[in-house]
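> Following the hints, complete the assembly by docking chain B onto the known chain A.
Residue numbers (the numbering used here), protein chains in the order written: chain A, 1 to 399; chain B, 1 to 399.
A couple of the hints might just be wrong.
Within a straight-line C-alpha distance of at most 25 Å, the following computed SDA-like cross-link-like pairs (lysine to any residue) qualify [to be verified]:
1. K77(A) / A338(B)
2. K321(B) / A59(A)
3. K147(B) / K147(A)
4. K147(B) / A137(B)
5. K159(B) / R180(A)
6. K112(B) / E49(B)
7. K112(B) / P116(A)
8. K321(A) / E49(B)
9. K380(A) / L302(A)
10. K77(B) / D101(A)
11. K112(A) / R189(A)
12. K80(B) / P317(A)
13. K321(B) / S193(B)
14. K112(A) / K112(B)
15. K77(B) / K112(A)
16. K147(A) / R165(B)
17. K112(A) / L111(B)
18. K321(A) / L73(B)
19. K159(A) / E155(B)
20. K159(A) / K159(B)
21. K380(B) / K390(B)
22. K77(B) / N122(A)
23. K112(B) / S193(A)
24. K159(A) / A154(B)
25. K147(B) / K321(B)
26. K147(A) / E168(B)
27. K112(B) / E273(A)
28. K77(A) / G107(A)
29. K77(B) / K147(A)
30. K321(A) / L111(B)
31. K147(B) / R280(B)
32. K321(B) / A62(A)
33. K321(A) / A191(B)
34. K77(A) / F341(B)
35. K321(B) / R280(B)
36. K77(A) / K80(B)
37. K80(B) / A190(A)
Some chain A residues well away from chain B (every beta-carbon gap over 10 Å; in silico) [what the hints assert, rightly or not]:
38. A113
39. A137
40. A204
Worth flagging that the hints you see were computed from the coordinates, not collected in a lab. Don't be surprised by glycine CBs; every beta carbon is placed ideally from N, CA and C.
Protein chains: 2
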Amino acid sequence: MSTLNRINRLQSMLREQRLDGFVATHPIDIFYLTGTMQSGFLVVPAAGEAVFYVRRSVARAAEESTSARVEPLGSLKTWKERVAANTPALAGACALAAAFDTLVVDGLERLKAALPQASWTNGASIVRTLRMAKDEAELSCIRRAAKLVDEALAEAVPKLVPGMREIELLAEIEYALRRRGHLGLMRVRAAGSELVTGIAASGAAVAKPSAFDGPAGGEGLHPAFSKGAGWSRIEPGEPILLDIGCNVDGYVIDQTRTAVIGELPADLLAAYEASETILRAIEERLRPGAICEELYELSLSLAAELGLAEHYMGFGPDAVKFVGHGIGLEIDEWPVLARGFRTALEPGMVLAIEPKFTYPGRGVVGIENTYVITPDGFEKLTISREGLWKLQPDMGLPL
Amino acid sequence: MSTLNRINRLQSMLREQRLDGFVATHPIDIFYLTGTMQSGFLVVPAAGEAVFYVRRSVARAAEESTSARVEPLGSLKTWKERVAANTPALAGACALAAAFDTLVVDGLERLKAALPQASWTNGASIVRTLRMAKDEAELSCIRRAAKLVDEALAEAVPKLVPGMREIELLAEIEYALRRRGHLGLMRVRAAGSELVTGIAASGAAVAKPSAFDGPAGGEGLHPAFSKGAGWSRIEPGEPILLDIGCNVDGYVIDQTRTAVIGELPADLLAAYEASETILRAIEERLRPGAICEELYELSLSLAAELGLAEHYMGFGPDAVKFVGHGIGLEIDEWPVLARGFRTALEPGMVLAIEPKFTYPGRGVVGIENTYVITPDGFEKLTISREGLWKLQPDMGLPL
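The shape of chain A in the complex, shown without the other chains (with noise of 0.2 Å):
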C-alpha cells in the first residue's frame, strides 16, 4: 500500500493551501494515510514526517503503519511539548487543518487547549478530494468486494421463496458475504448516518422513505434502523429491490438489482427499462474530462422525457438530488453526480451511479453499478448480470 504517497500528496496540498500541518482524527482518513486505524492523532506537517500520536493499541498501531512514525499518545497535557520536539515547523504559531465534517467539537476543544499555539480550520475538503481517486491496491479490493456481492447473491437469491420475510433474505446475503470476509459494516461519512449491507426488500415496504440520503429507503425493522429489510413479506408480483454492497479489507462496493417472482406490472417494467436507459446514456458520457453536474442534468432530462420525472430518485419531498456518489472507504465520497459539482471526471475516480424510479405504495426498480474511470472512459467493477432477475415462483432460481 502505497500510503507514504498519499501522505505525500496531502502535504502538497497543504502546501499550496499555505498550511503547516494536518491533524488527522478521523479513522478511516487515519487508515488512509497509514495503513492503520489505531485510535489517536495523525499530526502530517507540511513537510518532514508523520507521526501518528496513538491512544490505543501502541504496539498495533507500530506493527500495522505503513507511512507514519507511532508514538504513544500519552497525556495531552505534555503532548505540545513532544509535537513541538517531533516537528519543530509546529512548535510556534501555525495553521492547522482537520476535517470538521467528522470531528466532534469536544475533540476539537480538547486539540485547542492542547496545541494552543495553533489555530485551526476545516481541512474536510482537502482529504476528501485526495482520496477521490484510487490507487490500484484501494481498485483490487472494490473488485473483490464486486466479487462477494456477486457470490452471495448467487447464493441467498435462490432461497428466496414466495412470502419470505425481507429480513430473512437480507440474512441469506448477509450470512454469505460474511463468512467470506465482508467487515460486517459498510462505513458512512455523513455524521449520523450509517449502513450494513444495505437493502433487500420488495413492494411498499422498499419504498417507503428513511432518513438516509438514498433514492431508496425501506421499512425497516424498528423505527431504530428505519431503512432497508424489514419483517414484510416479499410477495409474486412485487419489484424486489437488491441494493447490496459489503465491505472488503476496508473499501465498500454498491449494486442493485431489481428483481421479482413471476412478471413485473407493465409500467414498473417500464421504469426498470428506463433505469437501465439512464444508465447506458451516463456510461457513453462517462470518461475523463466529464463534469458531474451534467451527468446529473442528463440523467433528470431523460427522465423527464420518458415521462417519469416525478418517481425519479425518490418520491415526492423524499426525492434525493443526485444519481450517482463516490465510493471507496466510505460509500458517500466524492464526487457526487448532482448539481454544484463542477468536478471533472479524472482517472481513478470510482462512482456509484443508481437510476432508480420510487412509487409510492407499490415499489422501487432501479440499477446500480460501481465504477471506475479510465484513461479511455470506464471500466465495470460491480459483475452481476443486468437486467431484471425475473424468478421463478416454485424454485426461486433467476431465469
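Just chain B now, kept in the frame of chain A:
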C-alpha cells in the same frame, strides 16, 4: 413509549441548569426523546412543546414521533424565524445546549450561523445522565435482546468444529441473530468507534489488543476492522471468547461466555474461575447506593489478591480501566464502573459487568452479564448458562 415523560425530565434538568433549551442532533438522542430516528434537529425548550425540525423523512417522522411536533427543517436561512415563532423563549438571546461529544464541528458552526442569538454549551452530560435509568419499555427491549443472544448461541455454537475459522463461527451467530431481528449493528457513542455484534475469537488472536476500548481486542479480519473475529482457526484447548450482543428495537445487550473444545490449561481455568469470583463479589454489592468507582476498586483488589493483577482487563499498556459500563441504546452509556465515577447506583440503571483476564499469545477468559438495578438489588438480564462451556471435540455440543 413514554417519550413525553423523557422530554419532561430533560426540561427539568434544563431549568435546573438555567438553560433555555436543548438541541438534539445525535440520532440516538433524538430517538430516545421522540421515538423516531429520522434526521434533523430536535429543539426542546426548557418549558413548552418540543419541535422536531426534520430534514428527512418528514412524513416518516410525523408518523413515528410520539412526543415532538414535526415540521420540515427547510432552509437554515429562514429557520431562526420559524424557531422564534414556535418557541418565543428562544427568539432573543438564549442559552442552548447540544451534545458536543457527538455533534461534529461543522454541524455546530451551521447551528451557530442559523441561530446567532444563542450561546452554546456542551449538553452531553445532561442527555447521558437523563438516559442512565431505563424505563419498563426500554428494559423490555433489552430482555428480548438477551433472549436473542441466548438463542443464537444455542443455534450457532453446536456448529463449531475444531479448525473452524473465527469469522465462520461469528457468521453463524450473526445469521441466527439477524433472522430473529437483530438490527445489524450495536451503536457506540464514542466518536469514531464502531461495533457489529462483538467477538467470537480464540487463543492468541483474541488476546491481540485493539483500538476498541474493551478488555479483549481480537485480531479482526484486516487492519481496516482490527477487532473481534478474524481468519484464525479455533483449536482444541484454547479459550474461546464469546462476547456477543445484538440490537433489538434499538436496545443492545452485552454478554460474554468462555468456551473451550476439550480442556483449558490449569492456569487459564483458574483465571476463568477468578472472573466468576469477581463477578459474584460485585453482585453482592450491586444495589441502589453502591458507588460505581468502589465496585471497580473492589474488582481490582480481588484480581490482585488472586495474583492476577497483571492480566486483569487486558495486558500491559492496552489494559482498560473499567470493569463495567452502562448499556441501553448505546453500548457505552453511563454510569461506568471506573475510577472517577462517584455515581451512586439507582434503580433502572443497566450495567454490563465483565471481569476478564488476558494472556498474550494464549487468549482471554472471562464472563460478562448485563444487570438492571432494582430497588432491592439487581436483576440479571442476560440468561445464558454460566460457567465454562466445555465443548466435545467431535460434535461441538456444550456438555
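> Tell me if the straight-line CA distance from K147(B) to K147(A) falls inside 25 Å.
Judged against 25 Å, a Cα distance of about 35 Å means the pair is violated.
> Are K112(A) and R189(A) close enough, with their CA atoms no more than 25 Å apart?
Holds. K112(A) to R189(A) sits at ~23 Å (cutoff 25 Å).
> Tell me if the straight-line CA distance from K147(B) to R280(B) falls inside 25 Å.
holds (22 Å)
> Are all C-beta atoms of chain B more than 10 Å from that of A204(A)?
The claim holds: A204(A) sits with its nearest Cβ about 14 Å from chain B, beyond 10 Å.
> Given the hint that K112(B) pairs with E49(B), test it: the Cα-Cα distance must not exceed 25 Å.
holds (22 Å)
> Straight-line Cα separation of K321(B) and A62(A) no greater than 25 Å?
Holds, at about 22 Å.
> Starting from K112(B), check that the Cα of E273(A) is at most 25 Å away, please.
Status violated; Cα separation ~46 Å.
> Within 25 Å, alpha carbon to alpha carbon, are K380(A) and L302(A)?
holds (22 Å)
> When you check the alpha-carbon spacing of K147(A) and R165(B), does it fall within 25 Å?
holds (21 Å)
> Are the Cα atoms of K159(B) and R180(A) separated by 25 Å or less?
holds (17 Å)
> Verify the proposed pairing of K77(B) with D101(A), using a straight-line Cα cut of 25 Å.
holds (20 Å)
> Between K112(B) and S193(A), does the CA-CA distance stay at or below 25 Å?
holds (22 Å)
Consistency note: the structure conflicts with the earlier hints numbered 3, 8, 15, 25, 27, 29, 33 and 36.
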